[in-house]
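Colleague: Okay, here's what each chain looks like letter by letter:
There are 2 protein chains.
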Amino acid sequence: MEIGGILMDNRPIGVFDSGIGGLTVLKEIMEQLPGEDIIYFGDTARIPYGTRSRETVIKYSFQCIKFLLSKDIKAIVVACNTASAIALQEATKAFDIPIIGVIEPGANASVLATRNNKIGVIGTSGTINSEAYQTKIRQLNKSSEVIGIPCPLFVQIVEEGWADTDVAKLAAEKYLMELKEHNVDTLVLGCTHYPILRYTLSKVMGEDVTLVNPAFETAKAVKDILKEKDLLRNDVNRKPSYQFYVSDDPEKFRRIGGNILRKEIRNIEKVDIENL
Amino acid sequence: MEIGGILMDNRPIGVFDSGIGGLTVLKEIMEQLPGEDIIYFGDTARIPYGTRSRETVIKYSFQCIKFLLSKDIKAIVVACNTASAIALQEATKAFDIPIIGVIEPGANASVLATRNNKIGVIGTSGTINSEAYQTKIRQLNKSSEVIGIPCPLFVQIVEEGWADTDVAKLAAEKYLMELKEHNVDTLVLGCTHYPILRYTLSKVMGEDVTLVNPAFETAKAVKDILKEKDLLRNDVNRKPSYQFYVSDDPEKFRRIGGNILRKEIRNIEKVDIENL
Chain Y
1 MEIGGILMDN
11 RPIGVFDSGI
21 GGLTVLKEIM
31 EQLPGEDIIY
41 FGDTARIPYG
51 TRSRETVIKY
61 SFQCIKFLLS
71 KDIKAIVVAC
81 NTASAIALQE
91 ATKAFDIPII
101 GVIEPGANAS
111 VLATRNNKIG
121 VIGTSGTINS
131 EAYQTKIRQL
141 NKSSEVIGIP
151 CPLFVQIVEE
161 GWADTDVAKL
171 AAEKYLMELK
181 EHNVDTLVLG
191 CTHYPILRYT
201 LSKVMGEDVT
211 LVNPAFETAK
221 AVKDILKEKD
231 LLRNDVNRKP
241 SYQFYVSDDP
251 EKFRRIGGNI
261 LRKEIRNIEK
271 VDIENL
Chain V
1 MEIGGILMDN
11 RPIGVFDSGI
21 GGLTVLKEIM
31 EQLPGEDIIY
41 FGDTARIPYG
51 TRSRETVIKY
61 SFQCIKFLLS
71 KDIKAIVVAC
81 NTASAIALQE
91 ATKAFDIPII
101 GVIEPGANAS
111 VLATRNNKIG
121 VIGTSGTINS
131 EAYQTKIRQL
141 NKSSEVIGIP
151 CPLFVQIVEE
161 GWADTDVAKL
171 AAEKYLMELK
181 EHNVDTLVLG
191 CTHYPILRYT
201 LSKVMGEDVT
211 LVNPAFETAK
221 AVKDILKEKD
231 LLRNDVNRKP
241 SYQFYVSDDP
251 EKFRRIGGNI
261 LRKEIRNIEK
271 VDIENL
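Protein chains in written order, with the UniProt record's numbering: chain Y, 1 to 276; chain V, 1 to 276.
Note that these hints are calculated values from the structure, not bench results. As the structure is a computational prediction, the values presented were derived from the model and not from experiment. There may be inaccurate statements among the hints.
Because identical chains cannot be distinguished in the list, a pair is counted as satisfied if it fits within a single copy or across any two copies.
What the hints assert, rightly or not - Straight-line alpha carbon distances no greater than 20 Å define the calculated SDA-like cross-link-like pairs of lysine to any residue that follow: (1) K203 to E178; (2) K74 to T135; (3) K59 to P250; (4) K59 to V271.
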């Protein structure tokens, strides 16, 4: 659409995640792009992606993308770290729409933040074993030493509401020991749930270690890309519309998701993602 | 088949679970019915069932049953507590084959074990919220007081290999506090992974509390039912065949599963359970 010679696009942004965690990314987009409409799909019936095979993650991600495309969106944000790590490259080849993942923005920020070139990355087994963050960081800074540690317990700890308990602290001490021994000065929180653990992680790593939140960095990247492609809305002072879809029972999503977003989630619909 | 007037059935037993945990049930069946062939299906692409809606668990369970029926089996064991709790009743109505779940054998054993009629049950959110164990135990012993506590972190702790660590102990102390306050003398381990935590659970609950392992009780029930229906093998002194199917990458199953069974797992095939 062209208004007064300036291209604009008032269609919504599509965001998907393997479940609830991607709401930390959505929250940052809502704050940094307050006028944009957003459609969020959480694949709650098939969470977690982090333990699944490459082939399965790509299949699921393509199904999520096809669902969002059916809603006439202008760009897609892959909020899930596992899906970004494993399926983003294939997806950008297969679909003709801007698709933004969380890996590159997170990797960029970590390279800017480090002073001793020692960077830690934590995430699900799928994200860490894919080496996506590690490879990207080494591409951006050839002299960097990157250590990836899978922390599969953290998601459940957050969903249990135990982010600030001794269980979280003990688990963090076990998982992060190797990163502390290697004296990393920057830690990428490579899973959407992890920003909720940031106080515990900061306590365990020490105040001198910079925690990078890819959710925040991704929202910045989305804004830059929409601007560059003239896809921002032209009427940003309106109340935006947020529509949510999930593949399993909406109630748990409404409850835990509401805590993450810190506002009530309305407009949730269940979709049968396997048989669309 | 009839041999010398005695009915026999040399077809395999089918066992399914949401993933790897059901191997604790398989192990007990292998020990108590050493001559029987077994076909195991682990729905590793869609694990965990414990956090999913009733409707989804029933749909998935029926798909698992249909897959096993295609292998010409003589009975089905639902090794998954969540599927037993939610889908067993519907399944026994829908399919004309003996189907044995883990709930009833576990409930029976707890009622026999308790002395003060105070019984605790731990499991996934799905199992506990279904009230399946609690209802069954109250049916069997009207004067019993049953307290169910969901312990979602335990599965991940076991899969992480942390069953005997401080993280497991701290998590157990948090989860089991209410059961200790209520002075239960019997604790049902209502999730297939939990027997692997039994030393930690016993340490936290105290030696006077009897831990009931439904996997062991279920294998006993399978033996009784096959005997009663004349479905036992007639040639038990042969080397049995074990065939495994999974819905996601077989490698993780081979590795973690091998630790649970304490023997190497061969004969694993991947099946596309969603599109059979």
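Colleague: None of the hints should be skipped; say for each whether it holds.
Modeller: These are the hints, each one checked on the structure:
Taking the shortest Cα distances, K203 and E178 sit within 20 Å of each other inside one copy (16 Å), while across copies they are farther apart (29 Å). Proximity of K74 to T135 under the C-alpha cut-off of 20 Å is found in neither arrangement, the shortest distances being 29 Å within a copy and 51 Å between copies. In the homo-oligomer, the alpha carbons of K59 and P250 lie at most 20 Å apart only across protomers (17 Å), although the nearest pairing inside one protomer, at 23 Å, exceeds that limit. When the C-alpha separation of K59 and V271 is checked against a cutoff of 20 Å, the pair qualifies both within a copy, at 17 Å, and between copies, at 15 Å.
Going down the numbered hints, you'll see the structure goes against just number 2.
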